[in-house]
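*Asks:* Below are the chains, spelled out letter by letter.
2 protein chains.
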Amino acid sequence: MFENKQNRTELSSLGEFGLIHHIKQSVKLTQPGSLKGIGDDAAVIDNGPGRTVVTTDMLIEGVHFDLSFTPLKHLGYKAVVVNISDICAMNALPKQIVCGLAMSNRFSLEAVEELMEGINLACERYGVDLVGGDTCSTPGGLAISITAIGHAMEEDLVYRDQSAVNDLICVTGDLGAAYMGLQLLNREKKIFLENPSVQPDLQGFDYPLERQLKPEARLDIIQRFKTWYVKPTAMIDISDGLASDLMHLCKGSNTGCQIYEEKLPIDHLTRELGIELGLDPTVAALNGGEDYELLFTLPLSEFEKIKDRAEISIIGHMTDASFGYRFIDKQQNVHELKAQGWDAFRA
Amino acid sequence: MFENKQNRTELSSLGEFGLIHHIKQSVKLTQPGSLKGIGDDAAVIDNGPGRTVVTTDMLIEGVHFDLSFTPLKHLGYKAVVVNISDICAMNALPKQIVCGLAMSNRFSLEAVEELMEGINLACERYGVDLVGGDTCSTPGGLAISITAIGHAMEEDLVYRDQSAVNDLICVTGDLGAAYMGLQLLNREKKIFLENPSVQPDLQGFDYPLERQLKPEARLDIIQRFKTWYVKPTAMIDISDGLASDLMHLCKGSNTGCQIYEEKLPIDHLTRELGIELGLDPTVAALNGGEDYELLFTLPLSEFEKIKDRAEISIIGHMTDASFGYRFIDKQQNVHELKAQGWDAFRA
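So the sequence lines, in the order shown, correspond to chains A and B.
Just so we're aligned: the first sequence equals residues 2 to 348 in the working numbering.
Just so we're aligned: the second sequence equals residues 2 to 348 in the working numbering.
Please keep in mind that the hints were generated in silico from the structure rather than gathered at the bench.
Treat each hint with caution, since some may be false.
Same chains, same names: a pair is fine if it fits in one copy or spans any two.
To be verified - Heads up, simulated PhoX-like pairs for lysine-lysine below, C-alpha to C-alpha not over 20 angstroms straight-line:
| id | residue 1 | residue 2 |
| --- | --- | --- |
| 1 | Lys37 | Lys232 |
| 2 | Lys227 | Lys308 |
| 3 | Lys74 | Lys215 |
| 4 | Lys37 | Lys252 |
This is chain A alone, in the form it adopts within the complex:
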């Protein structure tokens, strides 16, 4: 945290083509469908019969990340993962990415190498190829734009509009940790800025910190769906927060929903950190966002197939649209669910 690098090679000493050549050296293609990678006007792909799935996400310095506590390697990793998560949310398999990097001359070649290390690590971890991109300069900050390409057979694709009344609402993993991790990082940054001799105290909270800095996409779940013979009726990844993303599924499928506080999967370290920071873990789970877990619905008839899966929690059910969006707290009080997740233009 707050460290400085010793070695520094100016990007201007390589130039754009030198930088692209340098990046190309670190990239390996492993997907048989990646026919032509970096080095022409465009990449060439043949992922076989079926459907191509495409998503894009930008990460902007000062909005999506704070380099004073975000290692560039983690940032590169996260930039890939958030896109892979979107591909998984279609029940598709990620295959390729293209990556736009825009950065000011305050970044050195070593900084780009660190970022690329994270991007390449995520590609390796998820079996995805970096097949192209664009590098350019900015007057100030760093911006990363990644477009991910996935593949699925038509019959496997899951959209947001096929949920039905009484469908089970399911979520993978646990929620709220990434948000708690961010609050801890922000607190320690504030303390450090006020008194640089105080070293940040992040001990014991590895899990929420990792969830914030180096999230994972649930490709494992997409792969398991096949072996479980499960196909969700609707699915989305939780990036804006459970409440906001669940309401997207409800609007897409024209349903209402009812979920239960006591069913929300929250890790014990998220709860402990909530106590330390004076933040309600339930609020973090509902509205924190950046969990990159999968939220999906299944017909009641599929209950037996998932009821004993440790990685899946059933948190409620879909209702008739006229019931609205309901949240039942631990005292059985009924609240209206509100989307207070991250909103780019209100945050």
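Here the structure of chain A is known, so what remains is to put chain B in place on it, guided by the hints.
*Replies:* Showing chain B alone in chain A's frame:
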């Protein structure tokens, strides 16, 4: 130029989802392969058998464009065109784009609408669908990231590595105009900033201004290649400048080249503006960049097929790599061709 808009709706009053909904209303899908557009975690595409071609480009405020003289509608149009140009340079047909927009709250909804108008106009002009994207805020400027997806049969694709010695070097349209247009805009901006009562004098130079502000991609040429039964041995679009881009073809194909000043296609308005600005049109043609014309090579045996095409100029031929990169001026002096085109990290 330098105008202010009267109406202003804050982006924060819509929020991100409101903005996406608003953008979605203005978008029409026309490609049969665009199965699912904006509104889910990812777009779904089926462009049929063959190859998928993918390219991405970012445009950054203060680096790639200056909003004091670039209308947002033209900017949106150009952002799409530069990507379509890359797809064309593979001898592929553009089909879909996804678009990331990052902008600060100094931009209003009306500004986004203007930008989208240009994006949609380019999509319509080139028969391309906007199928997805991402909107987010920035601490300062505007950044546009577009990824374009194209389609070609394997046998039609043209790379950079199949040029042979003696191949004809051909270029479409004319060169240097976009660079001259930019110099004129920069001059008038400087005059305006020094004395705001002086109105910019841009009269008579519509063509170079349009080439800078609203370039076109040569999709028409790609379509004509089919009817002419012509397939280039190598191809690239001229974005960095003829010299730099020709050297990419030579390096890709392991050849040298020889081109002639007297053969360079330069519009008479580019020459006139060169005289007015005191700039050499040949230098603009060689190193100006942003022409978005196609540079390609053809075997000598194809000469008859293209010799009388008004839209194609033969400017030289490929040579053995040991000859290097040669430029023959009008006085028959031999120069070494140097890539002095636009370089992101040296500009």
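*Asks:* State whether the alpha carbon distance between Lys227 and Lys308 is at most 20 angstroms within one copy, between copies, both, or neither.
*Replies:* within (16 angstroms within a copy, 58 angstroms between copies)
*Asks:* Within a copy, between copies, both or neither: where do Lys74 and Lys215 come within 20 angstroms Cα-Cα?
*Replies:* Within one copy only: 9 angstroms inside a chain, 38 angstroms across chains, cut-off 20 angstroms.
*Asks:* Could you place Lys37 and Lys252 in one of the four classes (within, between, both, neither) given a Cα distance threshold of 20 angstroms?
*Replies:* Close across copies (17 angstroms), not inside one copy (40 angstroms); limit 20 angstroms.
*Asks:* Using 20 angstroms as the alpha-carbon threshold, which applies to Lys37 and Lys232: within, between, both, or neither?
*Replies:* Between copies, since 19 angstroms is at most 20 angstroms while 33 angstroms is not.
Hint compliance for this structure: no hint is broken.
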